[in-house]
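Student: What follows is the residue order along each chain.
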Amino acid sequence: MTARGTHRKWGRRNVTRQVLIGIIAVVFVLWTLAPIYWLFISAISPTAELASYPPHWFPEEPNFNRLRAILSSGLLSSSSMQTMARPAEFFRKALGNSFVVSLTTTAICLTLGTLSGYAFARLRFPGRRLFMLLPLALQMLPPIALAIPLFMLLERIRLIDTLFGLILVYPSFLLVYVIWIMSSYYQSLPNELEDAARVDGCTRLGVFTRVVLPLSRPALFSTGLLTFLLAWDEFLYALVLTTNQAKTMPVAIGEFSTQFGVDFGMMMAGGLLASIPPILIAVLFQPLLVRGITAGSVKG
Amino acid sequence: MHRSGSQPHHFLHKVRRRSSNQRAESRFAFWSVSPSLILMMGLIIGPMLYAFWISLHRVNFMFPERPFIGFENYVDMFQDQGFQSSLLRTLYFMAVSILAQVILGLGLAEFLHLDFRGRNVVRVLMIIPWAVPTIVNGTLWLWILDGSTGALNHLLLQLGLIERDIIWLGRPFLAMNMVILADTWRMLPFYVIMFLAGRQAIPDDLYEAAHIDGASAWQSFVRITFPLLRPVVLVVLILRTLHTLRVFDIIYVMTRGGPAAGTTTVTFLTFFTTFKFQNFGKGSALAFFTGAATLIMALFYIRTLRAGEVEA
Numbered sequence: 070m071t072a073r074g075t076h077r078k079w080g081r082r083n084v085t086r087q088v089l090i091g092i093i094a095v096v097f098v099l100w101t102l103a104p105i106y107w108l109f110i111s112a113i114s115p116t117a118e119l120a121s122y123p124p125h126w127f128p129e130e131p132n133f134n135r136l137r138a139i140l141s142s143g144l145l146s147s148s149s150m151q152t153m154a155r156p157a158e159f160f161r162k163a164l165g166n167s168f169v170v171s172l173t174t175t176a177i178c179l180t181l182g183t184l185s186g187y188a189f190a191r192l193r194f195p196g197r198r199l200f201m202l203l204p205l206a207l208q209m210l211p212p213i214a215l216a217i218p219l220f221m222l223l224e225r226i227r228l229i230d231t232l233f234g235l236i237l238v239y240p241s242f243l244l245v246y247v248i249w250i251m252s253s254y255y256q257s258l259p260n261e262l263e264d265a266a267r268v269d270g271c272t273r274l275g276v277f278t279r280v281v282l283p284l285s286r287p288a289l290f291s292t293g294l295l296t297f298l299l300a301w302d303e304f305l306y307a308l309v310l311t312t313n314q315a316k317t318m319p320v321a322i323g324e325f326s327t328q329f330g331v332d333f334g335m336m337m338a339g340g341l342l343a344s345i346p347p348i349l350i351a352v353l354f355q356p357l358l359v360r361g362i363t364a365g366s367v368k369g
Numbered sequence: 003m004h005r006s007g008s009q010p011h012h013f014l015h016k017v018r019r020r021s022s023n024q025r026a027e028s029r030f031a032f033w034s035v036s037p038s039l040i041l042m043m044g045l046i047i048g049p050m051l052y053a054f055w056i057s058l059h060r061v062n063f064m065f066p067e068r069p070f071i072g073f074e075n076y077v078d079m080f081q082d083q084g085f086q087s088s089l090l091r092t093l094y095f096m097a098v099s100i101l102a103q104v105i106l107g108l109g110l111a112e113f114l115h116l117d118f119r120g121r122n123v124v125r126v127l128m129i130i131p132w133a134v135p136t137i138v139n140g141t142l143w144l145w146i147l148d149g150s151t152g153a154l155n156h157l158l159l160q161l162g163l164i165e166r167d168i169i170w171l172g173r174p175f176l177a178m179n180m181v182i183l184a185d186t187w188r189m190l191p192f193y194v195i196m197f198l199a200g201r202q203a204i205p206d207d208l209y210e211a212a213h214i215d216g217a218s219a220w221q222s223f224v225r226i227t228f229p230l231l232r233p234v235v236l237v238v239l240i241l242r243t244l245h246t247l248r249v250f251d252i253i254y255v256m257t258r259g260g261p262a263a264g265t266t267t268v269t270f271l272t273f274f275t276t277f278k279f280q281n282f283g284k285g286s287a288l289a290f291f292t293g294a295a296t297l298i299m300a301l302f303y304i305r306t307l308r309a310g311e312v313e314a
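Chains as they are written, first to last, in this note's numbering: chain A, 70 to 369; chain B, 3 to 314.
To be clear, the hints were calculated from the coordinates, so they are not data collected in a lab. Using N, Cα and C, we set each Cβ at its ideal position, and we do this for glycine too. A few of these clues could be false.
[Stated by the list, open to error] Looking from chain A toward chain B, a few residues come up when the C-beta cut is under 10 Å (computed):
| hint | residue |
| --- | --- |
| 1 | L119 |
| 2 | L172 |
| 3 | I217 |
| 4 | F220 |
| 5 | R273 |
[Stated by the list, open to error] Here are the in silico distance ranges between beta carbons for each label pair:
| hint | chain 1 | residue 1 | chain 2 | residue 2 | range |
| --- | --- | --- | --- | --- | --- |
| 6 | A | L274 | B | H213 | 52 to 62 Å |
| 7 | B | R305 | A | L353 | 30 to 40 Å |
| 8 | A | E224 | B | Q202 | 46 to 56 Å |
| 9 | A | V96 | B | Q160 | 44 to 54 Å |
| 10 | A | S141 | B | R166 | 19 to 29 Å |
| 11 | B | M43 | A | P259 | 32 to 42 Å |
| 12 | A | V96 | B | P229 | 26 to 36 Å |
[As the list claims (entries may be wrong)] Partner residues aside, some chain A positions facing chain B, computed with beta carbon under 10 Å:
| hint | residue |
| --- | --- |
| 13 | W107 |
| 14 | W126 |
| 15 | R191 |
| 16 | P211 |
| 17 | I213 |
| 18 | I322 |
| 19 | R360 |
Let the hints inform the model, and build the full structure from the sequences given.
Tutor: The structure is reproduced here in structure tokens:
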């Protein structure tokens, strides 16, 4: 009887527990996804429906005109799409700039950072500890502290409002990060393979390119993803160092209303397109990213 | 000793090979490290010193002359009421957002560590806000919080929770808290990821032992989880302190520092002074101040991290 009693008590507790877990899970998922849902719905709702009350939580006449206008440079057929030609072009150009800047910066930082990271992990040379810790501290400097002098310097050498200027500046906050993650990855690799290759007469460079690089593919990939995300998200430098031609997507979205007036439908369309690459990366490569975040403890 | 004495030739040969090896190593180290170092020197240390140099001058793009004025910009800055209140607002943003996010993050990490159906789906979905670019996040919340056609007002009206539209970003203090809300939506996944990783590293037998000893779930959390998570919590706290000190993007896009300067943080004030009022000297003083404050905290951070390494 006591056994049955405790059993029943356990069962009831289990049910309350299940219900509680269910409620928390639903609330948490709603909190997470509702804004994303609204981002998507606002991008595909006609402007009139966006302003209506009661609100159309699901649009009656959804269309992809805004997204199509941004993505296709071709002819815009209907007259309703003519009006979005200019803002759409504004976003299209910024989207292209964002890809060029983020990908190029990631490539540069991976190339330089991997080599330096390896040297920091394996080689003993004078000043190694200082060179390792100093950049780590410096990398945490707020971008505003560097944006002002960088603006004045780039203005002097006429690199304001160029993609090249941005690509030159972005390693200031990305390179250290790559070095740090890669060198901690190399420290976790056993020495034996490299030692064997060296006994066989390989030079350091040979060891690096033939043994170490193939081994670091997964680490390179996850570091590359995080670097890309950080570059894609960057705003302050891009805001200060561009005026017109070289605007990236965050700047285009942030300044949209000053150029074209407040048009949330269009702003959400741009925002949706700017969010798709990072969201895809985050969902598809989550385990890799999580390892990178916890190892690097940098992105905020 | 005896062996090397009997085979002097071998011994010398070995030494020579080692040293030529070492020279090759040094050369490799030099060529692999110097490009990165030069880039960082040029992009970080150089500009930082240049900012300091500018901050000692009166630099205003409306006037061609740039007289040296010593620390006048700094004296100005500390006496400026706008600076003092922006500092207080930055501290408020820091304290409230970090406190709320740490508490929610700890709770959610504990929740996602439970074993329930659909847990992996929730774990995958929860990372999405963190992937949304900061500017998109700010714009999205600006739209959700819009005073007349925003989704939040519409939702609350439909549910009968409010009778009139609320102008969420219309009053200084309320606007600041709404910015914190938007920041929390995006940053919470970062806390959960960090805390969950730390939580998963705690062995289960500790909890079993506590359970046998009759400890409640809350007692286990206070006595086991929290002390063992402390290093992770500390890392997150310091990182986020550094991040919130530089908060800018989300404020730029949601409120432009308003209303009535209610969301003007130090970074925003710096930006405004420099690029709107064209006062590069004072702006540089503000920037250098933030930079120096961050550096001090960063050094503290690195010391804590390395203390952690020693413990582990």
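Student: Should the interface hint for A/R360 be scored as holding, given a Cβ-Cβ cut-off of 10 Å against chain B?
Tutor: holds, 9 Å
Student: Within 46 to 56 Å: is that where the Cβ-Cβ distance between A/E224 and B/Q202 falls?
Tutor: With Cβ atoms ~50 Å apart, the hint holds.
Student: Just tell me: holds or violated, for the beta carbon distance of B/R305 and A/L353 against 30 to 40 Å?
Tutor: holds, 37 Å
Student: Lying within 19 to 29 Å: is that true of the beta-carbon distance A/S141 to B/R166?
Tutor: violated, 43 Å
Student: Does the hinted range 26 to 36 Å hold for A/V96 and B/P229 at CB?
Tutor: Holds, since A/V96 and B/P229 (Cβ atoms, about 29 Å apart) stay within the stated range.
Student: Under 10 Å is the threshold here; is the Cβ of A/P211 close enough to any Cβ of chain B for the hint to stand?
Tutor: holds, 4 Å
Student: Is the interface hint for A/I217 satisfied, with its Cβ closer than 10 Å to some Cβ of chain B?
Tutor: holds, 5 Å
Student: Does A/I322 hold up as a contact with chain B if the rule is Cβ-Cβ below 10 Å?
Tutor: Check passed: Cβ of A/I322 comes within 5 Å of chain B, closer than 10 Å.
Student: Holds or violated: A/W126 as interface residue toward chain B, Cβ cutoff 10 Å?
Tutor: holds, 9 Å
Student: Is the shortest C-beta separation between A/W107 and chain B less than 10 Å?
Tutor: holds, 5 Å
Student: 52 to 62 Å was suggested as the range; check whether the CB atoms of A/L274 and B/H213 agree with it.
Tutor: holds, 56 Å
Student: Should the interface hint for A/R273 be scored as holding, given a Cβ-Cβ cut-off of 10 Å against chain B?
Tutor: holds, 4 Å
The structure shown violates the earlier hints numbered 2, 9, 10.
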